[in-house]
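Trainee: Sequence:
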Amino acid sequence: MDATATSTVAGGGFTGTTISARRAHMDGICLVNKKRRLTLRPCVEVDHSSKRVRSRCAKFESLPEDIVSRIISQLTLKEAVVMSSTSTKLRRAWIYHPNLYLDTSIVFGSSDRQKRVPSTETFIDTVNFILRTHSGLGVNKLAVMFELRKEHAHDIDGWVSFAVTSKARVVTLNFSPYHGSHDRSYNFPCHLFNGKSGSHLQVLQLDTVTLGPSPPGFCGFANLTMLTLENVLVLGDLQFLLKCPALEWLTIRMCSQLHNLYAPEPLPRLTFLCVQDCAIDKIDVHAPNLTTFKYRGRFKVIIALRECLKLKTASIVSPIEDNLYYIFTELPNGLPHVERLHVNVFVKTQIPGFTQAPYKFINLRHLTMRITYEIAKRFGRNAVLQLAYFSEAAPFLVDLHLDMLCLDFYESRPARDVIMNRPHYSLKRACITGFNGNGGQVALVKFILKNAVKLEEMVIDPKGRITNQMMGEHKGRRMIKEKLVPKYKNGLLGRVILV
Numbered sequence: 001m002d003a004t005a006t007s008t009v010a011g012g013g014f015t016g017t018t019i020s021a022r023r024a025h026m027d028g029i030c031l032v033n034k035k036r037r038l039t040l041r042p043c044v045e046v047d048h049s050s051k052r053v054r055s056r057c058a059k060f061e062s063l064p065e066d067i068v069s070r071i072i073s074q075l076t077l078k079e080a081v082v083m084s085s086t087s088t089k090l091r092r093a094w095i096y097h098p099n100l101y102l103d104t105s106i107v108f109g110s111s112d113r114q115k116r117v118p119s120t121e122t123f124i125d126t127v128n129f130i131l132r133t134h135s136g137l138g139v140n141k142l143a144v145m146f147e148l149r150k151e152h153a154h155d156i157d158g159w160v161s162f163a164v165t166s167k168a169r170v171v172t173l174n175f176s177p178y179h180g181s182h183d184r185s186y187n188f189p190c191h192l193f194n195g196k197s198g199s200h201l202q203v204l205q206l207d208t209v210t211l212g213p214s215p216p217g218f219c220g221f222a223n224l225t226m227l228t229l230e231n232v233l234v235l236g237d238l239q240f241l242l243k244c245p246a247l248e249w250l251t252i253r254m255c256s257q258l259h260n261l262y263a264p265e266p267l268p269r270l271t272f273l274c275v276q277d278c279a280i281d282k283i284d285v286h287a288p289n290l291t292t293f294k295y296r297g298r299f300k301v302i303i304a305l306r307e308c309l310k311l312k313t314a315s316i317v318s319p320i321e322d323n324l325y326y327i328f329t330e331l332p333n334g335l336p337h338v339e340r341l342h343v344n345v346f347v348k349t350q351i352p353g354f355t356q357a358p359y360k361f362i363n364l365r366h367l368t369m370r371i372t373y374e375i376a377k378r379f380g381r382n383a384v385l386q387l388a389y390f391s392e393a394a395p396f397l398v399d400l401h402l403d404m405l406c407l408d409f410y411e412s413r414p415a416r417d418v419i420m421n422r423p424h425y426s427l428k429r430a431c432i433t434g435f436n437g438n439g440g441q442v443a444l445v446k447f448i449l450k451n452a453v454k455l456e457e458m459v460i461d462p463k464g465r466i467t468n469q470m471m472g473e474h475k476g477r478r479m480i481k482e483k484l485v486p487k488y489k490n491g492l493l494g495r496v497i498l499v
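Under the UniProt record's numbering, think of the first position of the sequence shown as 1, with each following residue one higher.
Careful, some of the hints might be misleading.
[Claimed, not checked] With a Cα cut of at most 27 Å, we get these calculated BS3-like pairs of lysine-lysine: (1) Lys348 - Lys454; (2) Lys243 - Lys294; (3) Lys150 - Lys243; (4) Lys463 - Lys360; (5) Lys294 - Lys312; (6) Lys428 - Lys463; (7) Lys300 - Lys310; (8) Lys348 - Lys310; (9) Lys360 - Lys282; (10) Lys294 - Lys196; (11) Lys348 - Lys243; (12) Lys428 - Lys310; (13) Lys300 - Lys282; (14) Lys360 - Lys243; (15) Lys463 - Lys446; (16) Lys167 - Lys243; (17) Lys141 - Lys243; (18) Lys428 - Lys446; (19) Lys463 - Lys450; (20) Lys348 - Lys167; (21) Lys196 - Lys282; (22) Lys428 - Lys454; (23) Lys243 - Lys282; (24) Lys360 - Lys310; (25) Lys312 - Lys428.
In case anyone wonders, no lab produced these hints; they're calculated from the structure.
Using the sequences provided together with the hints, build the complete structure.
Mentor: Below is the structure:
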């Protein structure tokens, strides 16, 4: 089993490494990262008979142990193994390497999975050899990236146990890509971190594993500050989060079986929360210090973050689901303290009517919306103008940026009585990109110019940010001159900048 792994290491490094032993002789310069570059100054010898000055590079073996350890810590594991073949002093220096990043490159020298991929048995044997040979001292990070399943649990449990006993601060298990059933996913062993054994863990990143309910008597991760779950089968409702009092950063992606993110007790240090592409029904977290929230997925989710008084920045993305009504009428109830909001939405219907908003973004000051429209002829002429509903939903808005991608050039203007003119006393800057001059866009510009009484500047740009291309540039500029310039030639147009 170990023959392959032994020959790989003993040969001066892992097969296919990109740094040659010849290069590693240093030639006066040590290979470290760009932040710390150590230069060995040459010793000078003077030949008095010929009056020539000769330089001689200092030998690497003459460096103190702490300097050697510092140099090794700045290299990757592959580079450290290659250097071990250049000096007797470095022969076993790699076994003290603090960062163990174990992927396909430890066997073939490349992490590109489209290239030569070792067999599962070869990979497991190599990792087992490395961890068995490593001193287990000063380990900072253990990361394993390979397609493994629950049938490999015996070996993986051993690797996790190594991380626990070596007091690793960062543990990453990435067993993707795997598109089959989660029935074969590796079950993460929370019980191995129980008690004091889990107190050193600060960062945990899991990809394509199963995370079951907390075992009886589980004490949690006392010092865990960052947790990332991606494509993880969550069995339960992540109640173990309540046993992570130091958690600051939580990211959950593609966890299809997670339906509720509920933390009834405070997560006192949580500042960042990201939930993306999960079939989640409700997000209800009590995090008094939460400042940033990112969500991507369906709009049927209930967001209940009213108790997060410091939440100032939020991003809501649903590029394939249509529900602009949700953004303007329901979201303010879940994010009442947000000051800066980014929205990415797909629109193919209309808000039924512009009525009094049940909830308002009282604290919202900056709103950025990226909107993709289907063909307006299919569902009415008010698709674009309904964006004017921001005046009701965000009465204290100061900055507005609307980036549009309209898939047609429907010129008919919306009905005149579709929205009432109401003064907006806070808006100072408005920007519309992706302007192709259709009837709804022209009506929206007129609405803003007429109702934003303190407007200082409006920028209209035919180039959109969504496609980074100009769609209908000529028509957009023509509509500005025909529909806006004549009507506002009395001076109001001085606030409009046509890019």
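Trainee: With reference to the structure, classify each hint as holding or not holding.
Mentor: Verification of the hints:
1. Distance check on the hinted pair: Lys348 and Lys454 sit about 32 Å apart at the alpha-carbon level, beyond 27 Å; violated.
2. Restraint check for Lys243 and Lys294: satisfied, since their Cα atoms lie roughly 23 Å apart, inside the 27 Å limit.
3. In summary, the hint linking Lys150 to Lys243 is supported, as the alpha carbons are separated by about 26 Å, within the 27 Å threshold.
4. Straight-line distance between C-alpha atoms of Lys463 and Lys360 comes to about 31 Å, which puts the hinted pair past the 27 Å bound.
5. About 11 Å separates the Cα atoms of Lys294 and Lys312, which keeps this hinted pair within 27 Å; it holds.
6. Note on Lys428 and Lys463: the hinted pairing holds, with a Cα-Cα distance of about 22 Å set against a maximum of 27 Å.
7. Straight-line distance between C-alpha atoms of Lys300 and Lys310 comes to about 25 Å, which keeps the hinted pair within the 27 Å bound.
8. Note on Lys348 and Lys310: the hinted pairing is violated, with a Cα-Cα distance of about 34 Å set against a maximum of 27 Å.
9. Distance restraint check for Lys360 and Lys282: the Cα-Cα separation of roughly 20 Å lies within the 27 Å cut-off, and the hinted pair is therefore satisfied.
10. At most 27 Å may separate the alpha-carbon atoms for a hinted pair to count; Lys294 and Lys196 exceed this at roughly 33 Å.
11. Taking the CA atoms of Lys348 and Lys243, the gap is about 44 Å. The hint is violated against a cut of 27 Å.
12. A threshold of 27 Å between alpha carbons decides the hint, and for Lys428 with Lys310 the separation of about 25 Å falls inside it, so the pair holds.
13. Annotation: proposed proximity of Lys300 to Lys282 holds, straight-line Cα distance about 9 Å (limit 27 Å).
14. Between Lys360 and Lys243 the CA atoms are separated by roughly 35 Å; this puts the pair beyond 27 Å, and the hint is violated.
15. With a C-alpha separation of about 20 Å, the suggested pair Lys463 and Lys446 falls inside the 27 Å cut-off, and the hint holds.
16. Restraint check for Lys167 and Lys243: satisfied, since their Cα atoms lie roughly 19 Å apart, inside the 27 Å limit.
17. As the CA atoms of Lys141 and Lys243 are separated by approximately 22 Å, the hinted pair is consistent with the 27 Å bound.
18. Distance check on the hinted pair: Lys428 and Lys446 sit about 15 Å apart at the alpha-carbon level, within 27 Å; holds.
19. For the suggested pair Lys463 and Lys450, the alpha carbons sit about 24 Å apart, so the restraint of at most 27 Å is met.
20. Annotation: proposed proximity of Lys348 to Lys167 is violated, straight-line Cα distance about 53 Å (limit 27 Å).
21. Taking the CA atoms of Lys196 and Lys282, the gap is near 33 Å; set against the 27 Å cutoff, the hint is violated.
22. Simply put, Lys428 and Lys454 have alpha-carbon atoms about 6 Å apart, close enough for the 27 Å limit, and the pair holds.
23. Proposed proximity of Lys243 and Lys282 is supported: the alpha carbons are some 21 Å apart, at most 27 Å.
24. As the CA atoms of Lys360 and Lys310 are separated by approximately 18 Å, the hinted pair is consistent with the 27 Å bound.
25. Proximity of Lys312 to Lys428 is assessed by CA-CA distance (about 20 Å); at most 27 Å being required, the pair is judged to hold.
Comparing the model with each numbered hint stated earlier shows that hints 1, 4, 8, 10, 11, 14, 20 and 21 do not hold.
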